[in-house]
Structure formats: C-alpha cells, structure tokens
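> Please model the entire structure based on the sequences and the hints provided.
Quick mapping for you: the protein sequence lines, in order, are chains A and B.
For the first sequence, the positions run 1 to 533 when this note's numbering is used.
For the second sequence, the positions run 1 to 533 when this note's numbering is used.
Derived by calculation from the structure, the hints in this document are not laboratory data.
Wrong hints could be hidden among the right ones.
Copies of the same chain look alike in the list, so a pair counts if it works inside one copy or between any two.
To be verified - Lysine to any residue pairs mimicking SDA-like chemistry, simulated, CA-CA at most 25 Å apart:
1. K408 x A21
2. K202 x V131
3. K45 x Q447
4. K202 x Q100
5. K45 x P129
6. K285 x G381
7. K45 x E421
8. K45 x A444
9. K321 x D133
10. K45 x P443
11. K408 x S280
12. K408 x L505
13. K285 x L137
14. K17 x T367
15. K285 x P56
16. K285 x N500
17. K285 x D141
18. K285 x D133
Protein chains: 2
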Amino acid sequence: MTLTGHSLIAGQHVAGKGTTAFGYNPATNAQLEPAYSLLTEEQLKAATNAAAEAYPSFSILEPETHAGFLESIADNIEAIGDELIIRASQETGLPEARLQGERSRTIGQLRLFAGVVRQGDFRGVRIDPAVPDRSPLPRADIRQRQIPLGPVAVFGASNFPLAFSTAGGDTASALAAGCPVVFKAHNAHPGTSEFVGQAIAKAVRDHGLHPGVFSLIYGPGSSIGQALVADPAVKAVGFTGSQRAGIALMQTAAARPEPIPVYAEMSSLNPVFVFPGALSGSAEKIDALAQQYVTAVTGSSGQLCTSPGLLFAPAGEAGDKLVAAVGRAVSAQAGQTMLTEGIAASWNSGAVALGSSDHVAVVGHGTEGGTKNAPAPAIFGTDIRSFVSNPVLHAEIFGAASLMIRYKTAQELIEATNRMEGQLTASLQLTEEDYPAASRLLPALEQKVGRIIVNGWPTGVEVGHAMVHGGPFPATSDPRTTSVGTLAINRFLRPVAYQNLPQELLPTPLQDANPWQLNRRIDGRVESGKVFA
Amino acid sequence: MTLTGHSLIAGQHVAGKGTTAFGYNPATNAQLEPAYSLLTEEQLKAATNAAAEAYPSFSILEPETHAGFLESIADNIEAIGDELIIRASQETGLPEARLQGERSRTIGQLRLFAGVVRQGDFRGVRIDPAVPDRSPLPRADIRQRQIPLGPVAVFGASNFPLAFSTAGGDTASALAAGCPVVFKAHNAHPGTSEFVGQAIAKAVRDHGLHPGVFSLIYGPGSSIGQALVADPAVKAVGFTGSQRAGIALMQTAAARPEPIPVYAEMSSLNPVFVFPGALSGSAEKIDALAQQYVTAVTGSSGQLCTSPGLLFAPAGEAGDKLVAAVGRAVSAQAGQTMLTEGIAASWNSGAVALGSSDHVAVVGHGTEGGTKNAPAPAIFGTDIRSFVSNPVLHAEIFGAASLMIRYKTAQELIEATNRMEGQLTASLQLTEEDYPAASRLLPALEQKVGRIIVNGWPTGVEVGHAMVHGGPFPATSDPRTTSVGTLAINRFLRPVAYQNLPQELLPTPLQDANPWQLNRRIDGRVESGKVFA
Chain A
1 MTLTGHSLIA GQHVAGKGTT AFGYNPATNA QLEPAYSLLT EEQLKAATNA
51 AAEAYPSFSI LEPETHAGFL ESIADNIEAI GDELIIRASQ ETGLPEARLQ
101 GERSRTIGQL RLFAGVVRQG DFRGVRIDPA VPDRSPLPRA DIRQRQIPLG
151 PVAVFGASNF PLAFSTAGGD TASALAAGCP VVFKAHNAHP GTSEFVGQAI
201 AKAVRDHGLH PGVFSLIYGP GSSIGQALVA DPAVKAVGFT GSQRAGIALM
251 QTAAARPEPI PVYAEMSSLN PVFVFPGALS GSAEKIDALA QQYVTAVTGS
301 SGQLCTSPGL LFAPAGEAGD KLVAAVGRAV SAQAGQTMLT EGIAASWNSG
351 AVALGSSDHV AVVGHGTEGG TKNAPAPAIF GTDIRSFVSN PVLHAEIFGA
401 ASLMIRYKTA QELIEATNRM EGQLTASLQL TEEDYPAASR LLPALEQKVG
451 RIIVNGWPTG VEVGHAMVHG GPFPATSDPR TTSVGTLAIN RFLRPVAYQN
501 LPQELLPTPL QDANPWQLNR RIDGRVESGK VFA
Chain B
1 MTLTGHSLIA GQHVAGKGTT AFGYNPATNA QLEPAYSLLT EEQLKAATNA
51 AAEAYPSFSI LEPETHAGFL ESIADNIEAI GDELIIRASQ ETGLPEARLQ
101 GERSRTIGQL RLFAGVVRQG DFRGVRIDPA VPDRSPLPRA DIRQRQIPLG
151 PVAVFGASNF PLAFSTAGGD TASALAAGCP VVFKAHNAHP GTSEFVGQAI
201 AKAVRDHGLH PGVFSLIYGP GSSIGQALVA DPAVKAVGFT GSQRAGIALM
251 QTAAARPEPI PVYAEMSSLN PVFVFPGALS GSAEKIDALA QQYVTAVTGS
301 SGQLCTSPGL LFAPAGEAGD KLVAAVGRAV SAQAGQTMLT EGIAASWNSG
351 AVALGSSDHV AVVGHGTEGG TKNAPAPAIF GTDIRSFVSN PVLHAEIFGA
401 ASLMIRYKTA QELIEATNRM EGQLTASLQL TEEDYPAASR LLPALEQKVG
451 RIIVNGWPTG VEVGHAMVHG GPFPATSDPR TTSVGTLAIN RFLRPVAYQN
501 LPQELLPTPL QDANPWQLNR RIDGRVESGK VFA
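See below:
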C-alpha cells in the first residue's frame, strides 16, 4: 500500500489546501515521509456533505450486507500485514508486540459488531398491538425501533493508533449503528491512519456502498475539529483524548443551533484499593503484588486510559513492605518511548509538580530509556490526609507515574472516594477477610466509576458485551454509556414510533412477517425472532 | 385532605421564607386559597440533600417493595377523589372530564412502571462469563447492570397538572429507575401539586422508605429552577415547558462543574400531511376529516404538546373543499378557558403575528368563550412557498390555532419537511393510492420527528412500551429518548461493569443464583430468568 499524504474523502484522495504536517518517530524525533497536506475548513464540507448523502441508503442496509461490510474492514486491515505494524511503531514508539495485540483487538471488535448487526437486538423493536375493543378508547397499533442518529464525527486517539483510531471502537460502533463516519486523524500517526482509512474505503467500494459512508480527514489540530463538530450535517461525536480538548468539543456541540451528543473519554486516575488481607501471608505475595502494580503503571509507557494512577495501601508493617517492594520493582524499569515529544514534556511537568508537592515523597523511580522521549518511570507516596486536601494530587499524569497513598481505616477509603472526581475504573485487592470493608466501599465506588475490578488490574479492557469503559464526568462527557464493548452502539441510535402504519409503509424491522427474524418486545415482553400475526 | 400552602420536604411541611404566590382560576381570574409560601435557594438544599441521603437505600430497593411503592402512589391519588379533580379544574380551567382522563393516565402509568420494576429488564444485566483457558490471555468474568443516576429534578408542566406534573411521567420513570425526586411545582396549579405530593409522601411513609425519596417544592419562577438544576446533588433533569425555559435549563446543566443530562420536552408543530387519496370520494369524508382536524386543534383549548399546528392540504378542488369545510367546522367552535392569563395573552400575540404575515389568510375562526381567557380558535391558510421561506410561520402558537398549507406536489412536502425543525410527531392522512408518495416522505420525516401516525391524529399519547414522545431538537433537548412510555426509564440509568467480583460482593441482580429471576444477556444473547451456574 502506498501512502499518499492526502485526505480520503468519500473514496477520493484529496490534497489539502492548508499547511502540511509530518509524522515523527518519537524514539529519534526524526521526521517521517510523506508530508500530509491539511484540509481547510471549506474543504471539510465535502466530507460532511458526502456523509449526509450516504445516510439514507447506509442507515437502512440489510443486515447481511451491513455485517459483511464490517467484516471486510477487518479482513482488509489484516491484509495490510506487517507494513501497518511497522509504520505504527515508527509513528508511536509503541513496541510491535503491543501493536499486534492492538490490531487483533481492532479486528476483533469489528467482527464482534458484525455479530451484533446480524443478531439485531440493537434495533430495539417494540410492538404494542392494537386493541380495537378497549374501553373507553381503542388502542392504536404502535411500533418502535431505533434508527441511526446520522453522520458521526470520530477523533483518533494518540495512545491507540489502531483500536481507538481510524477503525477503532468509535468508528466500529457508529458504522454498526448505521451512521456514516467522518474520521479526523490524530496528527501523531498520519500514516497508520491512512493505511486503515484505505482499508475502510476499499470495503465501502467492494460492497457497493455510497462512498460518503467513510471519510478520513487531516487538518490542523483543534480548528478543524471544532469546525467538524459545529457542522450541521454531523449528529454525534466520538472522542478520546485530553480533558481540555474534550470539554472544548462539548462546549462547541452544546452551542450549536441544534445541540448534539458528544461521547468524550477524557481522563482517569483508576484508583487501586489494597485491603489488608491482600498483604497478609508470604513476602512473595507482597512482591508479586508490587510487580503487578509496576507493570500496570509502566506498560505502554503508562499511556493507557486505565493505567493505575493511584494506589491506596494500608499503614503499618505490611504496607511498608509493599512500598519497599514497589520501590525495588520500579527501580528495575527502564523508560519506554512515549508517543510524542509533547506528551513526554507534559509527563515531565506533571511528575515534577507531583514530586514537589507537600507531603509527597519518591517511592522509587526507574532509569531513562535508551531512546528519545523515554523518561524514567516514577512512583510517589503520600498519606491520605494530604491526598484528600490537595487537588494537585488528583491531577492525571499521562504516562508512567503513580501515587501510593497510605491509609489507616476503611472509612478513610470511603471518604477519599467521595472526594474524587469521576473515573473509568476502580480496582480492589483483597481476600475474604476484607469482604465486609469492601462491601461498604462498593456503593461509593459505583457513584464514581464505570468498572470495578477485584484482584485484577484495570489495564487490558476486554471488548465484550458486558464491558463498560466509561464513567462519571470528567472521566467521560456522558456516564450513560461506554466507548468499549457492544453497548457502545446505543450511543448512535434514537427511537422512532410508528402508529397505525400499514404493512406496506412499515420499516422492515417492524413488519409483521419479521423478515430479519428479530427478537421483539411485544406488549413489554421480549419474544424471540417470531413472525407476528 | 387539607392544603397547607407549604413545600413538602422529605415528608415535612416547610414554610417558605420567600414571597408568597397564589393559584388563580383562569375562568374568572379569581385568586384561590391558600397562599403558597415560596422557598429561598438556601431552603432548597434541605430537599436536595435529603434526596442524596435517600439514594443509597432507594437505589437498591428490592423489586416487590419498589413496585408496591409505585402502586401505592397510584392508589393514594385515586383515594383523593373528586377533591383533586375539582381543584385541578379550578386552577387550570380544564374540564373535569379531561382531568378525569388525565388522572386515569397518571395512575395507569404508575402501575405500568410498577410492572416494569417487577419485570426487571431495565436493569440491563449482561454477563460475559470467564474463559480461563482462552489464548493468548484468559478472559475475566465481567458483568454489567444499569444503576440509577442519582437524585432527579422534575419540573411540573402547566398543561398537564396531573400526567406531567407531581406524579407524572418524569416522576414515575425516575422513581421506577430508583432515583429520588425533587419536584418543582408549576405555580399555575399549586394546590393540585400539593394534593398529589401528599399522596406520594404517604406512600413513602407507608413503605418505610427514606423520606428524602420525594420532595415537593414551591419557589419563585425560574430562579429556584436554575438553582435546583445547578445543585451538585442533582444528577438529571426532567422538564416539560417552553423552549426558552428549557434551553435555559440546558445551559445551566452544561455549565455545571459536573454537567448533567436534561430531558426537556419543549415545543412542536406536529405537521399533518393530507395526501390526495384522503380527499377522494364523498363530501362526507372531507367534512369528517375537517371536523377531526378542528377537534384536534381545539381540544383542551389547543394546549397539548401534540396539537397539530400545521396541516398540508393539496391544491385543487378537493383541497379547496377541505379548506371550506375546516372554515365551517372552526366557526362552530367556542373558545375554551386557557390555563393562565399569561398563556392566553401569548396565544393572542402569536395568532396576531401569524394572521398578519404576508400571504397568510384566515380560513376560519370560532367565537370567544363565555369565560375569561377563552379566545376564539383560529385556523389560518397559506401556500407552501410562503411557508418554506418565512420563519414566522414555523413558530409554535401554544393554543387553539393552526395553519393550513396548500401544496402541489409530493416533492414539495419533502422539501418543506427538510426545512422544518425537530418535532414530536408527524401525521399522514392517506389511502392506498398515496403509499408511493408517502413512502418517499417517510425517511425525511424520520429525521425530524419521534412519532409517525397514519390516518389518525397526534393528540392522545398512548402510554405503553412502544410509545415515543420525543424528537430532534428543539422538540426536545435530547432525541435519544422519550418522556412517555416505559422506555423513559432509561433516561435515569447508567451502566456499571463488575470484573471478577466474588458472589458475596456482587449486586443482587448479577449474582449467579439470579434471586430476582431477571432476563440476562449471557455472552450477547438474552436468556430468560435463569440461574447461571
């Protein structure tokens, strides 16, 4: 595959009339070819207009074609082969093994959504049959289904060049819902984005879909993003990135003549609560826990949305041992290349701010890596009073840093939780003796997070039907949903009711004959795939 | 039952420290006793704090108690008897028969939601069981459920003193979700609100619930409403009213440190499309259609969210006959008392603005009613070019007024639809010969409305499982939902995932033993009420 350096609008390579930008290898700071020409706001209209034109046919696609389209995207990404992994590694500094795993996840979630499209429950069919002889008034026949919202703007994330970018979770769930996608590439991995964009465009062509179903655009940082969200053709937004950028998009979306939903996944500290039972027993157990923690903090150079930024450890001897073991474990870690020079600089100022805060000490740090932008991982320590009272200690540091907080009583954990902002996850390390204390903490955690993990670590987000990758603001812009897993499709749907429509005018999913064999809620009870007569 | 003139905060009658307000009988403009003392913003905190305190126990209520609570509210409202209907009629000018119907609906929807609570699908249980031997990595056990968002602020609507007020659809669906409610009474029917508030407070007491589950507050117009929406304890808002007020609440909610969802149902023109087939045949058919239209426009003095404000009629002889028949039918109508003096004045200025617009003629008008605030119903006419080009003709006139628009081709209907803002409903009058034209119009309508009706009128919103009372902005603030029908419960829920929790720590709905016998989505497929082992 050849990289053109151009946007891909409704199947056409389009040279941007703005400035140009390059990818960079963060391990060397070397510039990567080709140059990417950036679109002007004017040029953007071609993509959003094409998406609006594609909506009528794409939104009513018959399930088998629709699912096959998603599967073809997966196949086409697979077919790119090593070239994709090599380019992604060059552009992001992420190791090839990690990117291979990420590719599997990307492909896997496209195939999972193909299954969702075939299965069809997301269409939300409800039928309340007519009751002509009801008194005092007859009941009309009323049927409901979910329809796709319209064109969706998706923003690529820096930290997942595949699974949260061009054909990532937001794109996959929007396309599965029947929404055309205008995808804004993250400028840190333009080549990776183009490879995948071409794979999607080929699938659009091969299935004979309207070319406006997908466009990939390159543009200058936030300005084109704001223009995209403000575009009247766009009906929803998927975003993963910083709190600052996410809130700016939320404000733009709310200020439109027609406000639209923004699904922004923004920041999270992912607290880990270590209960006393988890530290009782052998020294090996404590060492293993310390090692797992350090691995979770430093993996992918700490650049995961669910990387644990806080760990609450009990005061006392066992907790002291854990702190010491963490110090040893982190000192053995070399820094790994971060995604960009800018991200490495931000990590550094965040770590300095944390390390120089009152009552914060260094638990341990590793060594700098052998490349550019590979700072030494660092773990800090403080006490729970300082944590509760100092907002600086609640700021996310994107990268391999974490803060250990010593606590005395289980009640202090509840109080600290109540003072925290919304998070994606919370994790509990415990044994049976800790169940009473943990069950008192759980209701407080449910108010603050989207996922609760026991005796595991928050990194490694399973893509399934039950996953929630979401949580209260500011972890996300909208806690009523998830950006990972099949429930994510609901973000891009809305209900429409049809009253007394003759069979000839009813949409296919609502017809008596049930040609798509959908499960349907009849008078409030789900009936599986039956003809309704 | 005695009216105290006080707010009812967590089961206690509380005298407001602000000014006082009275209900008025709009038929006479006479003041109604007692005086209602208005709360200050400071006093409001008692209600929102109590709601936050009630959340932990109310949100996990066992289904049978929860459903019984909703049924008790219905029973208690029924037990008030005629006193409620008489007071509501005095405060609103609405006829007693209409209010009896509205009471049935209010009670019916509480009982319907009791059924939803017992049935339990709204808990959204999903289980992806562990796959310990999966390669390359084992899969954890992940379970998901929906939890209630937290305390909900509900605003009473002027036009439905029962079904969209104290124990109306928003309150019923929020309580069914497990959210405590702080209800802001509409100042136009304070006594009706207090009767129903007492009925709810009694149900809270009788079931031994935390008294903060429900509070009824009286306050000065918009200021206390804004304070309520800005209160950090409040996690979602239900509102039915004007566009201006709804948008103000949306802005307040978006500007909070933690933004929250606002479900505002604001305005709608509810266009009716009369196709040529509907007018072919006998003159009686045309007369009947005209009569139905006038009934829909003038019922409840036109003060229904779904009252048809626009009717598209074909050009030519049959359409001329329809216009003439409508003129005759409306001239036989006497004005009915409107809800308040202010609403009647607004109706009047809206009707004057419409009637004096270019290319707008009077089709017909009725006579003034025998009471105060009972203006003569009026139906106006224009051509489709004027409608498309003049925004004044797209403004909602709340009350008994409507605009007939003459069109020549079915294509013009699509163009007019594309130019319209979001609406709650669209209705089609047609026969089989019109199916081809109607099926071309339907996709455009789906983009603009929440409910499509064939050969019926939009008024009379059935409360069931399939109903959608919603639609794109500015009909509502959020098209992804409905404010009528059982789907409304979803507005007040959010998903939480639980990874590898031991049975002892799992919330009841997610336990293997399935004590509540819920339907659960296991690995993506719904299985009914089974034990999971």
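> Each hint needs a verdict: does it hold in this structure or not?
We went through each hint and held it up to the structure:
no. : hint        : in the structure
1   : K408 x A21  : neither (52 Å within a copy, 53 Å between copies)
2   : K202 x V131 : neither (50 Å within a copy, 35 Å between copies)
3   : K45 x Q447  : between (41 Å within a copy, 20 Å between copies)
4   : K202 x Q100 : within (22 Å within a copy, 61 Å between copies)
5   : K45 x P129  : neither (44 Å within a copy, 45 Å between copies)
6   : K285 x G381 : within (21 Å within a copy, 82 Å between copies)
7   : K45 x E421  : between (38 Å within a copy, 21 Å between copies)
8   : K45 x A444  : between (46 Å within a copy, 21 Å between copies)
9   : K321 x D133 : neither (76 Å within a copy, 33 Å between copies)
10  : K45 x P443  : between (47 Å within a copy, 23 Å between copies)
11  : K408 x S280 : within (16 Å within a copy, 83 Å between copies)
12  : K408 x L505 : between (67 Å within a copy, 22 Å between copies)
13  : K285 x L137 : between (70 Å within a copy, 22 Å between copies)
14  : K17 x T367  : neither (44 Å within a copy, 64 Å between copies)
15  : K285 x P56  : neither (59 Å within a copy, 35 Å between copies)
16  : K285 x N500 : between (66 Å within a copy, 19 Å between copies)
17  : K285 x D141 : between (63 Å within a copy, 23 Å between copies)
18  : K285 x D133 : between (71 Å within a copy, 23 Å between copies)
Taken one by one, the earlier hints fail for this structure at numbers 1, 2, 5, 9, 14, 15, listed in ascending order.
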